[in-house]
Amino acid sequence: MIGVATALLLLLVGLGIPVAAALFFLGVILGDLYAFLPPLPALGDIAWSTSTEFLLISVPLFILMGEVLLRAGLADDMYRALAPLLARIPGGLMHTNIASCALFAATSGSSVATAATVGTVAMPNMERYGYGRGLFLGSIAAGGTLGILIPPSINMILYGVLTEVSVGDLYLAGLMPGILLALLFSGTVAVACLLRPSLGGRRAEFDATPALLCALLPIAALFLLVVGSIYAGLATPTEAAALGLLGALALAGTRRALTLRTLLDAFEGTMRTTAMVMLIVLAAYFLNFVMVNIGLTRAVVGVVQDLGWPPLGVLLAIVSLYLLLGCFMDTLSLMIATTPIVVPIVVALGYDPVWFGVLFMILIEAALITPPVGMNLFVVQAVRGGGEFREVALGALPFLLAMLAMIALLIAVPQLAMFLPALARAG
Amino acid sequence: MLRALGTASLVVAWAGGALMLASALLIGADVIARNVFAAAPFASMELSRYAFAAAIAFGMAHALVMRSHIRLDVLHRLVPRTLHAPLDALALMAMAPLATVFAWYAWDVVRESARLGAVSNSPLAVPLVWPQGVWAAGFTWFATVSWLLLAAVLWALVRRRGKDVAAIGGMPGVAEELRR
Chain A
225 MIGVATALLL LLVGLGIPVA AALFFLGVIL GDLYAFLPPL PALGDIAWST STEFLLISVP
285 LFILMGEVLL RAGLADDMYR ALAPLLARIP GGLMHTNIAS CALFAATSGS SVATAATVGT
345 VAMPNMERYG YGRGLFLGSI AAGGTLGILI PPSINMILYG VLTEVSVGDL YLAGLMPGIL
405 LALLFSGTVA VACLLRPSLG GRRAEFDATP ALLCALLPIA ALFLLVVGSI YAGLATPTEA
465 AALGLLGALA LAGTRRALTL RTLLDAFEGT MRTTAMVMLI VLAAYFLNFV MVNIGLTRAV
525 VGVVQDLGWP PLGVLLAIVS LYLLLGCFMD TLSLMIATTP IVVPIVVALG YDPVWFGVLF
585 MILIEAALIT PPVGMNLFVV QAVRGGGEFR EVALGALPFL LAMLAMIALL IAVPQLAMFL
645 PALARAG
Chain B
50 MLRALGTASL VVAWAGGALM LASALLIGAD VIARNVFAAA PFASMELSRY AFAAAIAFGM
110 AHALVMRSHI RLDVLHRLVP RTLHAPLDAL ALMAMAPLAT VFAWYAWDVV RESARLGAVS
170 NSPLAVPLVW PQGVWAAGFT WFATVSWLLL AAVLWALVRR RGKDVAAIGG MPGVAEELRR
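Chains A and B, in that order, give the protein sequences.
Okay, so the first sequence: first residue is 225 according to the working numbering, each after it adds one.
Okay, so the second sequence: first residue is 50 according to the working numbering, each after it adds one.
Think of the hints as simulated: they come from the structure by calculation, not from any bench.
Remember, it's a predicted structure, so these values are computed and weren't measured experimentally.
Mixed in with the good hints there might be a few duds.
[Stated by the list, open to error] To spell it out: a stretch of chain A is covered by chain B in this simulated footprint if at least three of its residues, at any positions, have a beta carbon under 8 Å from a beta carbon of chain B; those stretches are:
1) 229 to 242
2) 260 to 267
3) 349 to 360
4) 491 to 503
5) 512 to 518
6) 542 to 555
7) 572 to 578
[Claimed, not checked] Beta-carbon label-pair distances, calculated as ranges:
8) A:L448 <-> B:P129: 25 to 33 Å
9) A:A541 <-> B:W196: 20 to 28 Å
10) A:L621 <-> B:L124: 24 to 32 Å
Here a beta-carbon is modelled for each residue, glycine too, at the ideal position from N, C-alpha and C.
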């Protein structure tokens, strides 16, 4: 049964039919082969309850918030405010790239949006100050991935929905690893520039920098509104997303960046992405229903347990598998399709699903910058608008090492993630 | 005709986005009211769910027109360019029945609610056939658009117009994705 399911999935996905359709037809075929009752009549109820899941409403709200922020020109101010601060560290503006990404990630739930926003602002400086291209581009591609680790995070919401883990806990758990990973990225840049000073470029001159406080205040305010309100227990993730969207609109309004045209464009982009994500989610729910129904989920967990491997061995195997799959698969489909099967295994091994959620995010971040298919590499390459793709892919590799280090740290010291959620429960 | 379809789906997507913005306003008002007055007078929890269900169901057609439903391009990279068109047609051949099945069972849910006279378990006591009917209509729109696009792509395929096939059902590159 497991073999048939795997082979079918590979075949369907490999044919290049939409991932949602592949998951759906896999569910139909498996149901046909192994289920007592045909599963399709349950489709309507599954689809309705998933379509009206309150938590999922935060997905379009966060995407819309990102679309509005992108057009509000916040990133520009932030970048220029941070640049003089970090200019003295070896690597100069590359630290600004990473810090801007980390800060923007604190208002954005998407890695692609973070890389695109910061990339647009940062790109002109690469040639102007003579930075080593690869590392500079890599710092944006990798820094951008922080978007899904540092809360808010759309991927964490989907993970939370699929595993019935509290999104608030996930947001607490992701904060410290997110900051730590940003510091590791910065360390990577500093080490690379100490080893090869030519990568570091000339000292950037920024005149008439806006006051740091003025530029960072809106970001801090939004972070407090969105993530703070969840941490304080004042709002659920969806409510926080609604507040964040209203805050972002107010911000864009005061900066005169809000026109009917931009709003309509934002609506269009939001619905396109949300509908795409939701069709995959609906299909995955249906497939999951079938898999539980025919006992496939239990069978897989059983097979893994029968291996008799130590939990750490299985975990490392899962990590390796994701690193490999991440080279080829789109991260969103990878996450939605595999969560329902992998998380039961991990939980059966005795690991905490919140902790694994954070680890999972870092694995997805790695997938975003591993060629040949790495969305953030594509985004940075597209923002750059020319040149060799190889430069971006190679430039991001040192940051992949930082991610691996972070994964090792997280496995060795689970408290890095679990400290804050535990504190919140105790307090 | 395809252009009209694109415009229609775009307008519907705008409406969906506006609906989500309206939901955000309602939810925001309720959060503030709850934390200040300990009451949530706008029933945002319930209304925004219906809005979300309608917006995504209607939005799926737009994602299809914009070729945004994610596909893996592993095979595309391996095979010669001439085989791209049949693969793109195959993708739509998978989508059209999927959309139809979703629409079919969505109406099933509506019929069942109508038979039971189901109302929502809340002070509003909304007869569920209404939000579910709009939602099922959204999937019906999705199915309609899928079959029309499939017909268009097959027509382009038999006339060996590879460019047209790619324009209707191909995979957009990342550069194209970002320009939107």
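Okay, the hints, checked on the actual structure:
1. 229 to 242: holds (count 6)
2. 260 to 267: Holds, because 3 residues of the region 260 to 267 of chain A bring their Cβ atoms closer than 8 Å to Cβ atoms of chain B.
3. 349 to 360: Check failed, 0 qualifying residues.
4. 491 to 503: n = 12 at 8 Å, threshold three: holds.
5. 512 to 518: It is violated: at least three residues are needed, and the region 512 to 518 of chain A offers just 0 whose Cβ sits closer than 8 Å to chain B.
6. 542 to 555: holds (count 3)
7. 572 to 578: Contact hint for the region 572 to 578 of chain A vs chain B: violated, 0 residues under 8 Å.
8. A:L448 <-> B:P129: 25 to 33 Å: violated, 55 Å
9. A:A541 <-> B:W196: 20 to 28 Å: violated, 44 Å
10. A:L621 <-> B:L124: 24 to 32 Å: holds, 27 Å
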